[in-house]
Amino acid sequence: MWIVFALLGAITAAAVTVLSKAGIKNLDSSLAFAVQAVLIIFVSWSVVLAQGNVTQLKAIDGRTWIYLIAAGILTTLSSLFTFRALKLGEASVVNPLERISLVFAILLAALFLKEKITWQIIVGA
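Counting in the UniProt record's numbering, the sequence shown runs from 1 upward without gaps.
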């Protein structure tokens with residue numbers, strides 16, 4: 001089932017790139033991301049509430065909070081950098097270059113999460 005969600009993520013990420021590029025044509029890229037961020041918060045919390053998962057907030061320990069906060073900060077920076085790149089460059093060039101993050105993610109997962117790098121992972125990246 002994870003494959004379905006991964007593919008849906010890939011398809012929606014591609015659409016986000018194209019729509020974001022169109023949306024920032026006459027707008028500051030940081031402002032455009034801020035508008036999207038408000039919608040991200042609204043939709044994300046709507047899903048959490050609809051699934052009844054909000055009670056799990058109490059179970060989050062200190063270490064997990066640190067990971068989530070750090071990831072949130074880096075997600076914001078990543079998006080701001082990507083939006084700026086889309087404002088300045090072509091989506092067909094920016095997006096593939098930004099996807100080099102796959103290689104970095106594999107290396108970081110091996111280093112910090114002790115995940116094994118197999119030839120299948122290397123070929124897939």
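Heads up, some of the hints might be wrong.
[What the hints assert, rightly or not] Computed beta-carbon distance windows for the label pairs:
{"id": "1", "residue 1": "Phe-5", "residue 2": "Leu-39", "range": "19 to 25 Å"}
{"id": "2", "residue 1": "Phe-5", "residue 2": "Ile-121", "range": "28 to 34 Å"}
{"id": "3", "residue 1": "Ile-122", "residue 2": "Leu-49", "range": "39 to 45 Å"}
{"id": "4", "residue 1": "Leu-8", "residue 2": "Lys-58", "range": "28 to 34 Å"}
{"id": "5", "residue 1": "Ala-110", "residue 2": "Ala-13", "range": "38 to 44 Å"}
Hint data in this document are derived by calculation from the structure and do not stem from the laboratory.
Remember, it's a predicted structure, so these values are computed and weren't measured experimentally.
C-beta: ideal position from N, C-alpha, C; glycine also.
**Study point:** Violated constraints from the hint list, given by number and in increasing order
**Key:** 2, 5
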